[in-house]
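Following the hints, position chain B against chain A.
Protein chains: 2
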Amino acid sequence: MKMSNMLISTLREVPAEAEIDSHKLMLRAGMIRKMASGIYNYMPLGLKALKKVEDIIREEMNDAGAQEFLASAVLPAELWQESGRWDVYGEEMFRLKDRNNRDFCLGPTHEEVFTDIARNEIKSYKQLPVNLYQIQTKYRDERRPRFGVMRSREFIMKDAYSFDKDQAGLDLSYNKMREAYIKIFNRCDIDAKPVEADSGAIGGSGSAEFMVKSEVGEDDVVFCSACDYAANIEKAPSTPEVSEKEDLKDLVKTETPNIRTIEELVKFFNTTEKKFAKTLIYNADGKVVAVMVRGDREVNEIKVSNALGGVVNLNMATTEEVLAATNAQVGFAGPINIKVDTLLVDEEVRNMYNFIVGANETGYHIENVNYGRDFEGIVGDYRNITEGEKCPSCGAKVNISRGTEVGHIFKLGTKYSEAMKATFIDENGKEKPFIMGCYGIGVTRTLASIIEQHNDENGIVWPLEVAPYHINVIPVNIKDEAQMEVASKIYEELKSIGVDVVLDDRNERAGVKFKDSELMGIPMRVTVGKKISDGEVEFKLRTAEMETIKIEDVVNRVKEEFNKNKLTIR
Amino acid sequence: MKMSNMLISTLREVPAEAEIDSHKLMLRAGMIRKMASGIYNYMPLGLKALKKVEDIIREEMNDAGAQEFLASAVLPAELWQESGRWDVYGEEMFRLKDRNNRDFCLGPTHEEVFTDIARNEIKSYKQLPVNLYQIQTKYRDERRPRFGVMRSREFIMKDAYSFDKDQAGLDLSYNKMREAYIKIFNRCDIDAKPVEADSGAIGGSGSAEFMVKSEVGEDDVVFCSACDYAANIEKAPSTPEVSEKEDLKDLVKTETPNIRTIEELVKFFNTTEKKFAKTLIYNADGKVVAVMVRGDREVNEIKVSNALGGVVNLNMATTEEVLAATNAQVGFAGPINIKVDTLLVDEEVRNMYNFIVGANETGYHIENVNYGRDFEGIVGDYRNITEGEKCPSCGAKVNISRGTEVGHIFKLGTKYSEAMKATFIDENGKEKPFIMGCYGIGVTRTLASIIEQHNDENGIVWPLEVAPYHINVIPVNIKDEAQMEVASKIYEELKSIGVDVVLDDRNERAGVKFKDSELMGIPMRVTVGKKISDGEVEFKLRTAEMETIKIEDVVNRVKEEFNKNKLTIR
Numbered sequence: 059m060k061m062s063n064m065l066i067s068t069l070r071e072v073p074a075e076a077e078i079d080s081h082k083l084m085l086r087a088g089m090i091r092k093m094a095s096g097i098y099n100y101m102p103l104g105l106k107a108l109k110k111v112e113d114i115i116r117e118e119m120n121d122a123g124a125q126e127f128l129a130s131a132v133l134p135a136e137l138w139q140e141s142g143r144w145d146v147y148g149e150e151m152f153r154l155k156d157r158n159n160r161d162f163c164l165g166p167t168h169e170e171v172f173t174d175i176a177r178n179e180i181k182s183y184k185q186l187p188v189n190l191y192q193i194q195t196k197y198r199d200e201r202r203p204r205f206g207v208m209r210s211r212e213f214i215m216k217d218a219y220s221f222d223k224d225q226a227g228l229d230l231s232y233n234k235m236r237e238a239y240i241k242i243f244n245r246c247d248i249d250a251k252p253v254e255a256d257s258g259a260i261g262g263s264g265s266a267e268f269m270v271k272s273e274v275g276e277d278d279v280v281f282c283s284a285c286d287y288a289a290n291i292e293k294a295p296s297t298p299e300v301s302e303k304e305d306l307k308d309l310v311k312t313e314t315p316n317i318r319t320i321e322e323l324v325k326f327f328n329t330t331e332k333k334f335a336k337t338l339i340y341n342a343d344g345k346v347v348a349v350m351v352r353g354d355r356e357v358n359e360i361k362v363s364n365a366l367g368g369v370v371n372l373n374m375a376t377t378e379e380v381l382a383a384t385n386a387q388v389g390f391a392g393p394i395n396i397k398v399d400t401l402l403v404d405e406e407v408r409n410m411y412n413f414i415v416g417a418n419e420t421g422y423h424i425e426n427v428n429y430g431r432d433f434e435g436i437v438g439d440y441r442n443i444t445e446g447e448k449c450p451s452c453g454a455k456v457n458i459s460r461g462t463e464v465g466h467i468f469k470l471g472t473k474y475s476e477a478m479k480a481t482f483i484d485e486n487g488k489e490k491p492f493i494m495g496c497y498g499i500g501v502t503r504t505l506a507s508i509i510e511q512h513n514d515e516n517g518i519v520w521p522l523e524v525a526p527y528h529i530n531v532i533p534v535n536i537k538d539e540a541q542m543e544v545a546s547k548i549y550e551e552l553k554s555i556g557v558d559v560v561l562d563d564r565n566e567r568a569g570v571k572f573k574d575s576e577l578m579g580i581p582m583r584v585t586v587g588k589k590i591s592d593g594e595v596e597f598k599l600r601t602a603e604m605e606t607i608k609i610e611d612v613v614n615r616v617k618e619e620f621n622k623n624k625l626t627i628r
Numbered sequence: 059m060k061m062s063n064m065l066i067s068t069l070r071e072v073p074a075e076a077e078i079d080s081h082k083l084m085l086r087a088g089m090i091r092k093m094a095s096g097i098y099n100y101m102p103l104g105l106k107a108l109k110k111v112e113d114i115i116r117e118e119m120n121d122a123g124a125q126e127f128l129a130s131a132v133l134p135a136e137l138w139q140e141s142g143r144w145d146v147y148g149e150e151m152f153r154l155k156d157r158n159n160r161d162f163c164l165g166p167t168h169e170e171v172f173t174d175i176a177r178n179e180i181k182s183y184k185q186l187p188v189n190l191y192q193i194q195t196k197y198r199d200e201r202r203p204r205f206g207v208m209r210s211r212e213f214i215m216k217d218a219y220s221f222d223k224d225q226a227g228l229d230l231s232y233n234k235m236r237e238a239y240i241k242i243f244n245r246c247d248i249d250a251k252p253v254e255a256d257s258g259a260i261g262g263s264g265s266a267e268f269m270v271k272s273e274v275g276e277d278d279v280v281f282c283s284a285c286d287y288a289a290n291i292e293k294a295p296s297t298p299e300v301s302e303k304e305d306l307k308d309l310v311k312t313e314t315p316n317i318r319t320i321e322e323l324v325k326f327f328n329t330t331e332k333k334f335a336k337t338l339i340y341n342a343d344g345k346v347v348a349v350m351v352r353g354d355r356e357v358n359e360i361k362v363s364n365a366l367g368g369v370v371n372l373n374m375a376t377t378e379e380v381l382a383a384t385n386a387q388v389g390f391a392g393p394i395n396i397k398v399d400t401l402l403v404d405e406e407v408r409n410m411y412n413f414i415v416g417a418n419e420t421g422y423h424i425e426n427v428n429y430g431r432d433f434e435g436i437v438g439d440y441r442n443i444t445e446g447e448k449c450p451s452c453g454a455k456v457n458i459s460r461g462t463e464v465g466h467i468f469k470l471g472t473k474y475s476e477a478m479k480a481t482f483i484d485e486n487g488k489e490k491p492f493i494m495g496c497y498g499i500g501v502t503r504t505l506a507s508i509i510e511q512h513n514d515e516n517g518i519v520w521p522l523e524v525a526p527y528h529i530n531v532i533p534v535n536i537k538d539e540a541q542m543e544v545a546s547k548i549y550e551e552l553k554s555i556g557v558d559v560v561l562d563d564r565n566e567r568a569g570v571k572f573k574d575s576e577l578m579g580i581p582m583r584v585t586v587g588k589k590i591s592d593g594e595v596e597f598k599l600r601t602a603e604m605e606t607i608k609i610e611d612v613v614n615r616v617k618e619e620f621n622k623n624k625l626t627i628r
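Note that the protein sequences, when read in sequence, are chains A and B. Per the working numbering, residue 59 is the first one in the first sequence, and the count goes up by one each step. Per the working numbering, residue 59 is the first one in the second sequence, and the count goes up by one each step.
The following block holds chain A by itself, in its conformation from the complex (with noise of 0.2 angstroms):
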């Protein structure tokens, strides 16, 4: 293409909106648009990028056998309440009308539609496995969208659904769909690492999160500095500190007007936050649930949610259930005479000798309690593990970085299938519900992620697979017809090879085209120059230092570049 003819919208300005490089950078190269906050217009050159993404993703999925569906973004609510989740869904689905008020939804994901296309044209165990994918649109309505198609409303994701026979079937379906991913992020030339992730919650039976490091990142994941292990901090198993042991002393009950917080009661009973535990108090969909922690660890609520069976709705206690189930304000809750319908006891609290919790009575905590003796809960494993603790794995130390979710492999089982009576009859004649499993990636999200992983300061440094251009033809001065001939020659010979060139012809300072190039990310640079007298042109790699090479050699380096990455021009 000839720079002439597209419409560049490059901005010497950093966008006052974007607070991480890749927004910065996909607005600063003219990617993207923002046409309403979190919704994003891909300009021609990011949606060059983009599909460049999603040509990987299209080639690996069907590598790995499965077959490329289009659904529809707008679906039926009939669907959402076959399957229970038109109520739990909450303000994050759009929901609008049609001329004949009848309810539909735009896609937040696909579970129901694949399902609903399983039972109606899968019938048999011989037709079985399926691994159906699209690359499609769908819709979020996020609190807060952020970082530009990081966290968008409107966004694309590969989302594959697989239907086995059996748990067997579903383990290869999903193995497949862990090697094409590691292949995929590979491609993409970006970090993901699959890291464990909670599952109990969606009802299914394996999950890994493909996560890219990233300071603003949702989630908080744990990597072990010796071994492999990489789990969301959701899943990570935390290992209960153990406490010295201590004779058991009686219990007291002590005055601390308007003293609450374990900063407060720290500094009044003057010890350490190791020997408070304190009691949260829940609603989990409906019933009250109290839960004790060490006074200095944090509740992991998905673990508290699957410790219950599975909550849809898991919500900090209101002032007047506080109240209602400690007979205090707020801040005094502890689990003496608690009124609440569970309680639930992390494991390090069984453990902790003659430990302060408040006195369900306003302005007071009791001191020298212990568990078995003063009261008793349902006691597992309801905290986060934190920085340094031991690794479940190999027992070295963790670590915790941010991470953002590009990916997510997921063993469904039967939680959509038998809800939506999605039945294939087996060798035996008998009629099963599919086991099934699905499989996201964020496709805008995985072009953003490249980018935050490939920049410096003068722009994006695409990997030369996604690249939205190769190769970037400059002629120094437009005007002079010898530069422009040998421009256009380069250009011609590369483009008729299958290389995506583009040649700056615009009537700009060749310092314009080059700082273009850089913010553009273009990997490979050809600037024809006054050199051409000497039969030579300069040639650059994004990153390294100019080379000065014959004009008859530029095809063989740029065939050079692409052996190099293992690619073939196409």
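To be clear, the hints were calculated from the coordinates, so they are not data collected in a lab. Check each hint, because a few of them may be wrong.
Same chains, same label: a pair holds when it works inside one copy or across any pair of copies.
Keeping only pairs whose Cα atoms sit at most 20 angstroms apart, straight-line, the calculated EDC-like set for lysine to aspartate or glutamate is [to be verified]:
hint	residue 1	residue 2
1	Lys181	Glu566
2	Lys553	Glu117
3	Lys181	Asp563
4	Lys82	Glu126
5	Lys82	Glu276
6	Lys184	Glu566
Here is chain B on its own, set in the frame of chain A:
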């Protein structure tokens, strides 16, 4: 692809919901499945064909110098309020609110978006011309979605928007699109003729629709029997029939109790429809307008609307409005003493003598009425041309056929750029509005039209270039190792040179495989059976006789077909 891994969803029965060939065949071949009224899912076979059509469009658009773009489907109300269309677009627009109660719609078209992009990104005439296109999902809440993807509520459209500095530039951009469209529909092998279309109401200066003849089409298209003239009936000018001259007679008021319709009047007065002039009363954006045409003619509402300077809402008057205008019940309106804001008189009526009209009094008509002597109005062409009338271009007879619009090219001029203040700086430093064009192709409708024009009693008959698969290799007996070996070898060889080949390795009878292959419309078929002992297989084009050819000749035979169709394998 191996059929054993494919989700095959062929149906032997014709689904009751389908009325036209393409809809029946898309369902029967397993290309689409209905999700809700007018909303479809594309099954793997359907999506593969759809992508071939998209690729043809993309190639020709790129070749014509247009650049691909991707706008969001969810659009903020503000943009539409700027152009004034938020209030104009009626129930056809899907509207929704986000969690913050802000108004959005699902884009039925994207003029506003691209005008907005242009005003933000294009500053100078130096950047012009620009033509941006997208292949994107559109939403129109049709009152009566029908015929599968031919008239659906969620559909894929290619829409392009050109921006030029002057009218000459627009003409060039428009003609490039016209040429590209002709190539696109040729490559899709559908007979889609460009016909003149009305452009007055939307405010442009030129427009053509690409129409395919179809009994279930929504438009009447006028074709000349002798020359190239073709126009939408909305646009085609009529030629007034010349009445035989008569002496003007005196007016006679005649009692016509309960006689209202032209049919009843013809009987009552024992004369022909041509002796009557109908007076129809409309509400045109709040004004009351009467339109007179000869008794046997149909009012052309587009012509009426244009004559009134572009009406947004033109509706038949209510009973109350008729009463106010005529002092009579419906059925007795006439031009004499009628109380309307405007009286439009078709030019044919001006040339009639001694005709009969309503008396504006319930139960009465007036005979011997003559234009000029008894009433006056704005004379013009307000009726539909009819079969057998004169061609406006050459004077030969015209035919009228039903047609479906698959494409539309349109000179918008400055309608949107002026409304939305989208300007650039011209050569003289002056601010000017962009001169715009817009160009649409119904992608999913084009796919259906291909099937509509290419099928027989056994199924679809794909043109090679848009066939989801080019060739089907069918081993007669998959348990015969020799047959499977030959079939697999042919399959692999064709695949390796880039042919879209499918191997029907399902454990089914050959007859079932043949039937599926024909229903799916795969253009070539190789049957691998007992003749392999003689080194032979059967080769069959979808609608030709079977040939017996040598195994080693299969690849060349396939290449021959590509050559015959002027296609390269890729």
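Okay, the hints, checked on the actual structure:
For the homomeric pair Lys181 and Glu566, the shortest alpha-carbon distance between copies (15 angstroms) is at most 20 angstroms, but the shortest distance inside one copy (64 angstroms) is not. When the C-alpha separation of Lys553 and Glu117 is checked against a cutoff of 20 angstroms, the pair qualifies only between copies, where the shortest distance is 15 angstroms, while the shortest distance within a copy is 23 angstroms. In the homo-oligomer, the alpha carbons of Lys181 and Asp563 lie at most 20 angstroms apart only across protomers (19 angstroms), although the nearest pairing inside one protomer, at 59 angstroms, exceeds that limit. Taking identical chains as interchangeable, the C-alpha atoms of Lys82 and Glu126 are never at most 20 angstroms apart, the minima being 33 angstroms within one chain and 22 angstroms between chains.
In this assembly of identical chains, Lys82 and Glu276 lie within 20 angstroms of each other by CA distance solely inside one copy; the values are 19 angstroms within and 48 angstroms between copies. Proximity of Lys184 to Glu566 under the C-alpha cut-off of 20 angstroms is restricted to the inter-copy arrangement: shortest distance 11 angstroms between copies versus 64 angstroms within a copy.
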